[in-house]
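Following the hints, complete the assembly by docking chains L and V with the ligands onto the known chain Z.
Residue numbers (this note's numbering), protein chains in the order written: chain Z, 1 to 430; chain L, 1 to 334; chain V, 1 to 174.
Think of the hints as simulated: they come from the structure by calculation, not from any bench. A hint or two may mislead.
[As the list claims (entries may be wrong)] Here are the simulated DMTMM-like pairs of lysine to aspartate or glutamate, each with C-alpha atoms no more than 25 Å apart in a straight line:
hint : chain 1 : residue 1 : chain 2 : residue 2
1    : V       : Lys-77    : Z       : Glu-274
2    : L       : Lys-56    : L       : Glu-253
3    : Z       : Lys-205   : Z       : Asp-138
4    : L       : Lys-271   : L       : Glu-143
5    : V       : Lys-27    : Z       : Asp-138
6    : V       : Lys-77    : Z       : Glu-4
7    : Z       : Lys-239   : L       : Glu-143
8    : L       : Lys-174   : V       : Asp-16
9    : V       : Lys-12    : Z       : Glu-274
[Claimed, not checked] With beta-carbon atoms standing in for the labels, derived distance ranges:
hint : chain 1 : residue 1 : chain 2 : residue 2 : range
10   : Z       : Asn-202   : V       : Asp-6     : 45 to 55 Å
11   : V       : Thr-84    : Z       : Leu-9     : 22 to 32 Å
12   : Z       : Pro-350   : L       : Pro-307   : 10 to 20 Å
None of the values given here were measured: they were computed from a predicted structure. Think of the CB as a built atom: it goes at the ideal place given N, C-alpha and C, for glycine as much as any other residue.
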Amino acid sequence: MSPESMAILILIGSFFIMIFLRFPIAYAVALSSLFTLLYQGLPLTTIVQQMVKGISSFSLMAVPFFITMGVIMGSGGISEKLIALARACVGWMRGGMAMVNIVASYFFGGISGSAAADTASLGSILIPMMVEQGYDDDFSTAVTITSSVEGLLVPPSHNMIIYATTAGGISVGSLFLAGYMPAAILAISLMIGSYIISVKRNYPKGEAFNLITLFKQLFRSFWALAAIMIVVVGVVGGKFTATESAAIAVIYSLFVSVFIYKGLTWKGVWKVLEYCIDTLSIVLILIATSSIFGYLLTRLHVPALAANAITNFTDNPIILALLLNLILLILGCIMDMAPIILIATPILLPIATSIGIDPIQFGIIVILNCGIGLLTPPVGSVLFIGSAVGKVKMERLVKATLPFYICMIITLMLITFVPAISLWLPSLFR
Amino acid sequence: GAKTPTPEAAPAPEVTPAATEPAAVEPAAEAITFVFAEVNPLDTIVGQTDSAFKEKVEELSNGMIKIDIQPSGVLGSENDVLDTMLGGGGTIDMSRISAFALTSYGGEKSKLLSIPYTFANREHFWNFATSDLAPVFLLEPHENGSGVRGLFYGEEGFRHFFSAKPLNSMADLKGLKIRVSNDPVMNGMVEGLGASPTVVSFGELYSALQTGVVDAAEQPIANYKSNAFPEVAPNMILDGHTLGAIQVIITDEAWDSLTADQQAILTEAGKYASEFNRKISEDAENKVLEELKASGVTIVDVQDKAPWQDACKDIIEKSTADNAELYQQILDMK
Amino acid sequence: MPKIFDRIDKIKPAYDVAYKIVLFLCKLLLVVDILITTMAVTGRYVSFIPDPSWSEEVVLTCMVYMAVLSAALAIRKNTHIRMTAFDRFIPKRLLLVSDIISDFAVLALAVIMIVVGWKYAMQIGSKGSYVSMPSVSRFWMYFPVPVAGVAMLIFEIEILYNHIKSIFVKEGAI
Ligand code: NA
Ligand code: NA
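The following block holds chain Z by itself, in its conformation from the complex (with noise of 0.2 Å):
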């Protein structure tokens, strides 16, 4: 065994040791990362270093503010408006709340284009919205992590940005206009998922629809519907970009909170802050963590050997394309998206196009699979925050999840057998 491999073995061996032997994930990752580096005989400064670089993310911002918009919009009164508002809309469908969920992302990731940033926002307040109304906490939070990766392929998205140029001459634009099916697709599989699952649970149906109840509550969340307007006008009106827009959320939910709606003081407003500090205390350690053990495995070649594996293995295009989707899944268990794109993307597109696959469409079917990445264990971090925020240990989350992996599978394998599902939109403004 060269000594590269036994790197690769005891970066990954160890790290599920560790896992198995009840490490916290996130220091499980940085040990496994320090084992490697003494057996490399690399210096140590490489776990402070990558450590600080994994969390110094101007994107990642989003992340810790729209969690303290969450928790001040549920305890200053917001998040009660908007409960209402929702009963009032879809509360007589069965399941109603996590269609509300599966569709809000949909919409929020026009703005956002990352998934940690749609669990950070919508899951702090949807999660808390569909308990109180009869959900389980763990089947909520599931319906959020999955339908967050929606925002990846509406646009704007930046990995599709890193994508595009990754993988050269494709128009960023094409690209965009590319993704709106998938995500439709994806939201839909989804719904049909989770109405299965609401019928099954009994999961609550409220009293009939009625239009005056619906326009009464429409006017009562005036201020709380104002809060999403100022982030969807500002971001699509070019006012700040996304990150930003989580800060300008956060002064206006206080605002709100503690001037119109007064569910808040300001002393009550500094105490609430310690629950982002929970939840914030989880996630960003195991960002910060896993950056270390991402670096090592693309310093090992890691991606590159899983991608190199299936070129010599079969011509069968169905076979192929469905290894192609094995490795990019296989790979987002444990790594980060935007690293898996920019080494896999130059090795597997070759021999995507090969098979007749259109660069496009490959670009949707890498976003996808590297967006499932980010749910599953052991390394993914909207499970993670998914996780902090829902308050649902990681095991009862990703059981719940269960079933919407298979969602996402089905869509995944539409999208890579359908062409015309990524094409078409595009093909229009040709």
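Structure of chains L and V with the ligands alone, referenced to chain Z:
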């Protein structure tokens, strides 16, 4: 995860299957492998320069020195890479960086290369890069104790402004919100031109240009195209405020581990790669320029750069005050 | 034996204070981050509000401090994500052993973060500065790691102590 915001973390077009080929081949008994970080993909001007260097080193050393290029910024942004190399190295031995990246690591000399409107044209830069002054500049980070040394210089073309709004003259920049990297010289330049420097991370730049959070930004032509900015900001003015001077650096630790002969091989390969870079960069840039024009991008040439230079006088003087004599020497190489 | 524990237990209020201080710092860092970001956005449209070029780097550094410091809080609260799926099939004694192993490992990691982190912060700090603020040393960018190492060490010692105590003191007495 998002890419760290550097204007240079610029992925580029065309697929290169060889891009991330792993070091699957078993190295010979005593072969040395150096990990080489590159923020751009291999098919960019700088990526090709790296590859030329790698091939020359491996050829001259008969495969006894191997260069493991890790492109596309997978090992981090330029500052991440420099933090790794300067803070005890080990995981990265070599890197291609933009010359001004050393400014925030005490690179007083390298800073001079990024002063706006210093180099009148490419010729001027190459006069400097092949002069006796160049080795002095390259050795600065070694002399000042940073623990790395430069091997050779190259360039990735001039940087220009581009916008969603028409840019026909310097006056059109007035009042625009322009995204530049957060270093003080660039901010001073934008202020000098009557615009306001705006902080937006590189990862959010495409969307920011599209929605209008910023009106304009600046990049070398190749990066402008490869990041799809023409789609959202199809007006470019060729003011060429700075030349993207690049250099390849190696840690002192890696350098000292080599014999004198091996060091000579790196120097020799550096010379070759530098010439290679000079040969391809102008052609590559012109080719991209033609493609941009053909695809409908409005490109305005600047005949007289004197008014631009004049507008930025303050920041130029302020940033060169400590090394006025040395700066004059560079200017005189025109 | 329990008498020793009684005496050591008197230190608990000090731990409560330490926890409160770290929590206060984390809240403060979060608030500073929100305010700076809002200021930078507002500054683009309102001329008398500054839109400084250092905002991005400062915001990120604050977030790093918050991230690693708050992680130490999660040690004390025992809220870090871990695999507990099989806990109910494993005998209690064995669980305790596995807890002690993992806590010692985290303790070792904390020591490494202090030693290596301090060395690294000093080294890079003597060589580099923030890009947007040439007068501020890069030391502050990496200083959070040793600081967090200290906080982790403090809270981890308490956890380990509680584990050891639970070996000697009969269950239910804790
Ligand atoms: Na999106
Ligand atoms: Na959702």
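Right, here's what the structure says about each hint:
1. At roughly 13 Å between alpha-carbon atoms, V/Lys-77 and Z/Glu-274 fall within 25 Å of each other, so this suggested pair holds.
2. Only pairs whose Cα atoms come within 25 Å are accepted, and L/Lys-56 paired with L/Glu-253 is accepted, the gap being roughly 22 Å.
3. Only pairs whose Cα atoms come within 25 Å are accepted, and Z/Lys-205 paired with Z/Asp-138 is accepted, the gap being roughly 19 Å.
4. Between L/Lys-271 and L/Glu-143, the direct Cα distance comes to roughly 21 Å. Compliance with the 25 Å bound is thereby established for this hinted pair.
5. A distance of roughly 28 Å separates the Cα atoms of V/Lys-27 and Z/Asp-138; the hinted pair therefore is violated under the 25 Å criterion.
6. A distance of roughly 38 Å separates the Cα atoms of V/Lys-77 and Z/Glu-4; the hinted pair therefore is violated under the 25 Å criterion.
7. Straight-line distance between C-alpha atoms of Z/Lys-239 and L/Glu-143 comes to about 46 Å, which puts the hinted pair past the 25 Å bound.
8. Between L/Lys-174 and V/Asp-16, the direct Cα distance comes to roughly 56 Å. Violation of the 25 Å bound is thereby established for this hinted pair.
9. Between the alpha carbons of V/Lys-12 and Z/Glu-274 the distance comes to roughly 21 Å, so the proposed pair stays at or under 25 Å and holds.
10. Between Z/Asn-202 and V/Asp-6 the Cβ separation comes to about 52 Å, which falls inside the hinted range of 45 to 55 Å.
11. Roughly 26 Å separates the CB atoms of V/Thr-84 and Z/Leu-9, a value that falls within the hinted 22 to 32 Å.
12. Taking the beta carbon of each, Z/Pro-350 and L/Pro-307 are about 49 Å apart, not inside 10 to 20 Å as hinted.
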